[in-house]
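Student: This is what each chain is made of:
Protein chains: 2
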Amino acid sequence: MSVYLHDIPLNQAQAKFQEALQDADLWRVLSVEEIPLDENALGRVTAEPIWAQISSPHYHASAMDGFAVRAEDTVGAQPSTPIHLRILNSQFPIPNSLIAQYVDTGDPLPDWANAVIPIENVESLDENNQITNAIRKPSSIRIRASVTPWIHVRPLGEDIVATQLVLPAGHILRPVDLGAIAASGHQSIKVSRKPKVAILPTGSELVPIGSKLKSGDILEYNSLVLASQIKQMGGEATRYPIIKDDFDLICEKVLEASQTHDLILLNAGSSAGAEDFSAKVVEKLGQVLVHGVAVRPGHPVILGMVKKGIGNRNSETTPISQFPIPIIGVPGYPVSASLTVDIFVEPILAKWLGRKQNELQTEEAILTRKIVSPAGDDDFVRVAVGKVGDKLLAAPLSRGAGVITSLVQADGLALIPSGTQGIDAGEKIQVKLYRTKSEIEKTILAIGSHDLTLDLMAQFLAEKNRRLASANVGSQGGLVALRRGEAHFAGSHLLDPQTGEFNISYIRQYMPNIKVKVVALVGREQGLIVKKGNPKGIKSLGDLATRSQERSVQFVNRQRGSGTRTLLDYYLNQLNIPHEYIAGYHQDEYTHLGVATAVASGRADCGLGIAAAAQALDLDFIPLFQERYDLVIPKQFIEFLSPLFDLLVDSRFQEAVSQLKGYDVSVMGTIILEDE
Amino acid sequence: MSVYLHDIPLNQAQAKFQEALQDADLWRVLSVEEIPLDENALGRVTAEPIWAQISSPHYHASAMDGFAVRAEDTVGAQPSTPIHLRILNSQFPIPNSLIAQYVDTGDPLPDWANAVIPIENVESLDENNQITNAIRKPSSIRIRASVTPWIHVRPLGEDIVATQLVLPAGHILRPVDLGAIAASGHQSIKVSRKPKVAILPTGSELVPIGSKLKSGDILEYNSLVLASQIKQMGGEATRYPIIKDDFDLICEKVLEASQTHDLILLNAGSSAGAEDFSAKVVEKLGQVLVHGVAVRPGHPVILGMVKKGIGNRNSETTPISQFPIPIIGVPGYPVSASLTVDIFVEPILAKWLGRKQNELQTEEAILTRKIVSPAGDDDFVRVAVGKVGDKLLAAPLSRGAGVITSLVQADGLALIPSGTQGIDAGEKIQVKLYRTKSEIEKTILAIGSHDLTLDLMAQFLAEKNRRLASANVGSQGGLVALRRGEAHFAGSHLLDPQTGEFNISYIRQYMPNIKVKVVALVGREQGLIVKKGNPKGIKSLGDLATRSQERSVQFVNRQRGSGTRTLLDYYLNQLNIPHEYIAGYHQDEYTHLGVATAVASGRADCGLGIAAAAQALDLDFIPLFQERYDLVIPKQFIEFLSPLFDLLVDSRFQEAVSQLKGYDVSVMGTIILEDE
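First to last, the protein sequences are chains A and B.
Here our numbering is used: the first residue of the first sequence is 1, the next is one more, and so on.
Here our numbering is used: the first residue of the second sequence is 1, the next is one more, and so on.
Just so you know, not all the hints are guaranteed correct.
[As the list claims (entries may be wrong)] Within a straight-line C-alpha distance of at most 20 Å, the following computed SDA-like cross-link-like pairs (lysine to any residue) qualify:
{"#": "1", "chain 1": "A", "residue 1": "K351", "chain 2": "B", "residue 2": "K442"}
{"#": "2", "chain 1": "A", "residue 1": "K212", "chain 2": "B", "residue 2": "K432"}
{"#": "3", "chain 1": "A", "residue 1": "K437", "chain 2": "B", "residue 2": "K432"}
{"#": "4", "chain 1": "A", "residue 1": "K231", "chain 2": "B", "residue 2": "N40"}
[To be verified] Output of the computed footprint for chain B on chain A, the stretches with three or more beta carbons under 8 Å from beta carbons of chain B:
{"#": "5", "segment": "447-459"}
{"#": "6", "segment": "482-496"}
Everything labelled a hint here was simulated from the structure, so no lab data went into it.
Even for Gly, the Cβ is constructed at its ideal location relative to N, Cα and C.
The shape of chain A in the complex, shown without the other chains (with noise of 0.2 Å):
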């Protein structure tokens, strides 16, 4: 058994891909099929050319509600000089007459005519030459200037020309289209058909969505991001039930899938451990041609080809082009899946469609915080993007391939292509965009201090249009991020052990030079976060001090230069109590939901945060201190920010934070700083 997986380059895997499938007469429009022309093409690929089978407009058409006259007969007139024309009432004209017929807009121009007058450009007469209101119908018409020929006509063919092309093959069918092809005299459409992907769920520790969940139970919730993926690209995708860690049963799931599908998708299993099978299962039903890609997240990648059906060929013999269904072991990790679908999965689609690739636009941006990567690899990191004054930053997210948030937040995915071991805040990257540059130039970049007022103001904002990227990296964090230049604002909540003030001296200190206006925006508690029903009896600092010597009460902490630190570092200080005595003074999180996250676990019994985190997780909360938590805003920034300071005064939003608990809102929105 094989531990280590040989991870080739990802041109060559995708190549190598490629040439299976051309060798088995796969790298093409798998097969056409014509549909009605109705709402159900949206979206579908055209399979040929599309010729124009009549002429649009079939005849000659009136423009305009008016009257068919012939140009040479309206010559001479005049405002001062009118000319009459008697209307036809029968189809041929009369010789040696002036005339002219009344036609709608989109009506055949009578063959004898040759221009349209617009009716409010005529005067009615009646029999006795007198103006009349019968519009359709007078006896004759009176015009004082004269027309060209061919005016307020749409001539035969002026929007489609029998036999002209209307759409080439590979398009992929919009509104206007639909409309076009139907002018052009056809009332169905040759498209391709969509692939078919079987998705297979593999895994004993997998559980449906939605099931009650023990220790070691896994959701499966890849099936629905890879089938949403399919459909997005064109395909129509199968999901199957869970299937056990069971050799046999996977390879008897996936000869079942192979007969009625283009594709198999294997979901989990690719990896070489002692219950991924996948390598395996492709092995017996046909060949691998690939186990391993140097791709981050995603490496252990299997792309194969299988025999459809149960027939009986023996695989060590049998020529490629026997193996007609292709077959790719997706690695388990969400974010690895879904690349892997979009990186090997799009292509084939794409080629099976007929249609060009999905492309992402490419912007360059410049990165918020150095990026390590392994040389080897091509690293796809997701980041957000922003544009704070006229630089578009790019800000790494979480790198867990299992953090499928990082995807859900992410406005771009970046490349560190293999032979970079990584690149260094300041500089430029390109990113592939997954949002517009418009709605990117309407995210509000947010970073400093956590505070769970932040989603809620997402949650607002994005009713007012705009979007709230925040990343948490403590309050000194923000404000030296402000200074670069790489966000809108900062939440900070530093107090000052000098002068008992918040902010005003750390934002002196961080950002000269800066003009800011400082904003509370709320008033908080902070306290001890404990377990349920505080099972350690924990009362104050004082406690956790004297009971950590004998190392019975673990204390998680939060990272340097966050404000809820420098509150433990000034009490402990203010108590006479060395950060020595407390155990885990050490081990640090990053955010309120961090230490509450880590006493509900069990990993530490208590730590110092805000009562609205205990209270998420369901924990006690042990109040000690009140502290004021300020946005601080460079000056620069406040007109962009006007949506935020709506907020501020806004009634439903102070109602939504006051249901917090521990939150104080009447500070809200009082102007703390404002430099000139």
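Chain B: place on chain A using the hints.
Tutor: Same frame as chain A, but now just chain B:
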């Protein structure tokens, strides 16, 4: 009856409609429905914020296949001083022992453990302390490096912490969002209900798609385009069968639709002509708010509110809140109809769905041709957009409201705001792009003389992921455009009367100082396009002239600066025929197909053009001259155009061209001129 509409400005019209919807309490999400979390949720809009019900992972999970350990047990392990850890066979640790336990990726960490050592970093030992292959069940393991706490562990809540905001309300669901929602403990999701939109096509002249057409019939495809737009915007459309122009019948159908729909689109009849019933219908069933909007194309728009169902309320005395169904009278021209839906319906559907409005990316482009616009109107001009060198260019397409192909070909929409009478060529305009910038950067802009081969070229280039956008301005116009840097290449067939040579002297004259490569595309026959059977017995240019003196042959010419006109003038000169002898010499068409169409429709008896155009419209052709059609390419675009050069040596392309009548492909690709 009011013949003139009173157009009001667009923003006033929108504000009036919004106010009426607010009065009727319809300016909000229509209603909320709970749907299962599956692929059908894709594209739906969250109606409420989604807060995490559980954490993910919901336990401390091993991030690797390997051995769970206590980090403190590993302290001191070094290459030279390995540490042995006993494999634990029960779930309880052995007091005072250094222990380890096998875990697969995703397995819960045992309560006593706080780190994982990957399998590849351990030596598995059997009961005799010999290295073994029994990876999962050795007796002990040997390690040669210490590990830090929580390494290779995915702590509880690494991805999602219970209670955190997963997604805000008003979010359009993407594949990864569905994964994150599942991961946070949901199995259903509250989304906004899809608004139901009724589309009622009215008009006695309308016939269904696919009908055999007679003069005056109009294919009813607007409802297809509108329904597809509604679908794309997230609504549900019902297409009603065509309704004749009958006031009572239209009223009846509107009332019927009002019972089961949220919005009614009454297509056509929105103007003020004799058979335009829409305004009267809305008046009878409710209230007309706006009739006529100062916007082009599309000004005869009706905005109104009607009652629901067939109750018997008196509309005169009834407050607006009693008219709960918005109705829009949509103009009949296809471009007007489609843009009316974009302008008036999209903001309403966005509000009803609770999502933000679709917004197109705006870019600044240089206008290639002067646009004249009525000063009082907001004028939406369809443009082709391409990048030539560093310049983003916008070339106005047909302005006709009936020309749906102008929307098909459009890469973007430029707004000429009211108050502006026009914009000059070379000025900058803002263009809302229908395509991504990377698509636009792949667009090849061709300009100059029209040839049917260009349609085939477009099809073949599409297969190479290039888009060909061609503008027909005649050969000379194309050379002038190249000089101005407005296209990548020009098609030209200008015969020099002095030298009898094609193109070169004109290139030097019209684009001096520009280095070019000139490549032959095709040799082709020019001749007279005449009606089927040649009823007037035309055999030569001479015939034409003689007869035209008797006014019995009507000619149609090509525009000045076109190669075909040069050819005509050259031979008329040789034959000593003054062009005054040719009836219709001054009647211009801009393309070969335009000439053929004029002949087919009876507007002219003959015109000079290419055989393929005659063949296309089933006309007869009298061959007269041979000419060469060249591609003129500024040298700076040679690399960009490499897919085009590939085509010229592609036998599939050559064969396709040679199947058109009158083409000689033997010259294809011959270099006529290449500047150093």
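Student: Would you check the hint for K437 of chain A and K432 of chain B, treating anything up to 20 Å between C-alpha atoms as holding?
Tutor: OK: K437 of chain A and K432 of chain B at ~12 Å, within 20 Å.
Student: Using C-beta distances, would you say chain B covers the segment 447-459 of chain A, given that this needs three or more residues below 8 Å?
Tutor: n = 4 at 8 Å, threshold three: holds.
Student: Holds or violated: are the alpha carbons of K231 of chain A and N40 of chain B at most 20 Å from each other?
Tutor: Given pair K231 of chain A, N40 of chain B holds - Cα atoms ~10 Å apart, limit 20 Å.
Student: Check, residue by residue, whether the segment 482-496 of chain A contains three or more positions whose beta-carbon lies closer than 8 Å to a beta-carbon of chain B, and give the verdict.
Tutor: Per the Cβ count (0), the hint is violated.
Student: Are K212 of chain A and K432 of chain B close enough, with their CA atoms no more than 20 Å apart?
Tutor: 49 Å, violated
Student: Take a quick look at whether K351 of chain A and K442 of chain B sit within 20 Å of each other, Cα to Cα.
Tutor: 19 Å, holds
Taken one by one, the earlier hints fail for this structure at numbers 2, 6, listed in ascending order.
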